[in-house]
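A.B. asks: Based on the hints, put chain B in the right spot on chain A.
There are 2 protein chains.
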Amino acid sequence: MISDNQPCVILVNPQLAVNIGMSARAMMNCGLYQMRLVAPREDHLSERAVSAASGAEKILFDAKVYATTAEAVADLEKIFATTARRRDMIKIVNTAEAAAAKITSGLNENIRCGILFGPERTGLHNDDIVLSDEIIEIPLNPEHCSLNLSQAVLLVGYELYKKQISVPETQLITNKTKPAPKEQLARFLAYLETELEEHHTFRSDEKKPHMIRNIRNIFQRMELTEQDISTLYGIINHLAGKSNRHK
Amino acid sequence: MISDNQPCVILVNPQLAVNIGMSARAMMNCGLYQMRLVAPREDHLSERAVSAASGAEKILFDAKVYATTAEAVADLEKIFATTARRRDMIKIVNTAEAAAAKITSGLNENIRCGILFGPERTGLHNDDIVLSDEIIEIPLNPEHCSLNLSQAVLLVGYELYKKQISVPETQLITNKTKPAPKEQLARFLAYLETELEEHHTFRSDEKKPHMIRNIRNIFQRMELTEQDISTLYGIINHLAGKSNRHK
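Chains as they are written, first to last, in my numbering: chain A, 1315 to 1561; chain B, 1315 to 1561.
In short, the hints are calculated from the structure, not lab data.
One or more of the hints may lead you astray.
Taking lysine-lysine and the BS3-like style, the derived pairs with C-alpha atoms no more than 25 Å apart in a straight line are [said to hold, decoys possible]:
# : chain 1 : residue 1 : chain 2 : residue 2
1 : B       : K1492     : A       : K1405
2 : A       : K1405     : B       : K1496
3 : B       : K1405     : B       : K1392
4 : A       : K1405     : B       : K1490
Same shape as in the complex, but just chain A (with noise of 0.2 Å):
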């Protein structure tokens, strides 16, 4: 579940619609929906940015617009800046992951969060950046890293949402089939042996030891289901020109 105590992003003079709608998208694919506006330069309400926001129109719709920077961080407690480039400024500067790391353990404290990002062509002007507590710094290639405004938006607030998710890193989907037990694995391999042992497979005594570890091995990392060897069973059957006996 996704907190109401959420951190605000703030466009301070986005240039296009187009890039508006974009990051209300890219906002809510990471389940963020506080926009705040500086002084937008297009309308954020025009049929190109709703188009744009590809169903996440709602968070245009709310979105509140102000005259200057000042004002729109005035009722939060914690500012970050995102940058591309490095300021002639004294200044904490954190990666995207780090940030979020502490927003949200500021959220958790009930310290309201905002994240400013700069116009599409220049960035943030070093008058905004003062009003910062911290920066932003996202580690991408140097040779190549201006960023689309939603892209930006993106990677921060996939950085976030990251924090408030737990997501198992790499599981095994089996549907509605569970991974086998190992006494069917193993009830499954002797089976096989036995028929490739009918099959004359096994062409040395001396080899079929060597053989049958490599062919246990194969199977043993398929990490199979049930429903796998099932299928298994039909496979070597089929070949072998019998009924499916076994199950």
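C.D. replies: For chain B alone, coordinates are given in the frame of chain A:
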């Protein structure tokens, strides 16, 4: 440094030239340069594609085009498929971060990897997913997880980039100046306290130690640099109507 041994970004049946171009830009943001295209509907060298690439057009010019996904993956050894929704398939599903770790360690062992991205509206066809070894599911708001093609490329590329670089999570950027030695901070605090004493700031002797402790804590947590301290001396001296007698 980004190694030449890179995963291939494989766009399967991309529909719009602008999305191919934006994907190239996202790849370059993440230091990825090998693009493969399976039967793109629009020309990846069209003006719209090149313009959307916004400086990453070399990736488009170098991209290889294939008629089928099977041909596009033929010379690769490990394939990941990106999906937004669960399919009725028994496969290992990874977060983008977990997949990035696997791809990176695969590359370290010279295992050539490819990452499949499906067409804009429909995502990858099941027949393409079958050609993959594992699945990547980017963790996003389940109520709104449809991503623009280039944003999916960006998020996977970003996770890959993060695995290849080491950036300090948090750092204080001080430019030419250094964090002040504690001795300098102590000297400054003593100076400040003397000035405050002279200006009758501490009204009661009883409360003075507590007030001093609070003041010290304020300046202590500022992580002041040598330049900051010099600036603060200036402020105090000007407020007190003195010339800059301490440095």
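A.B. asks: Hint by hint, note whether the structure agrees.
C.D. replies: We went through each hint and held it up to the structure:
{"no.": "1", "hint": "K1492(B) x K1405(A)", "result": "12 Å, holds"}
{"no.": "2", "hint": "K1405(A) x K1496(B)", "result": "19 Å, holds"}
{"no.": "3", "hint": "K1405(B) x K1392(B)", "result": "14 Å, holds"}
{"no.": "4", "hint": "K1405(A) x K1490(B)", "result": "13 Å, holds"}
Of the hints listed earlier, there is not a single one the structure fails to meet.
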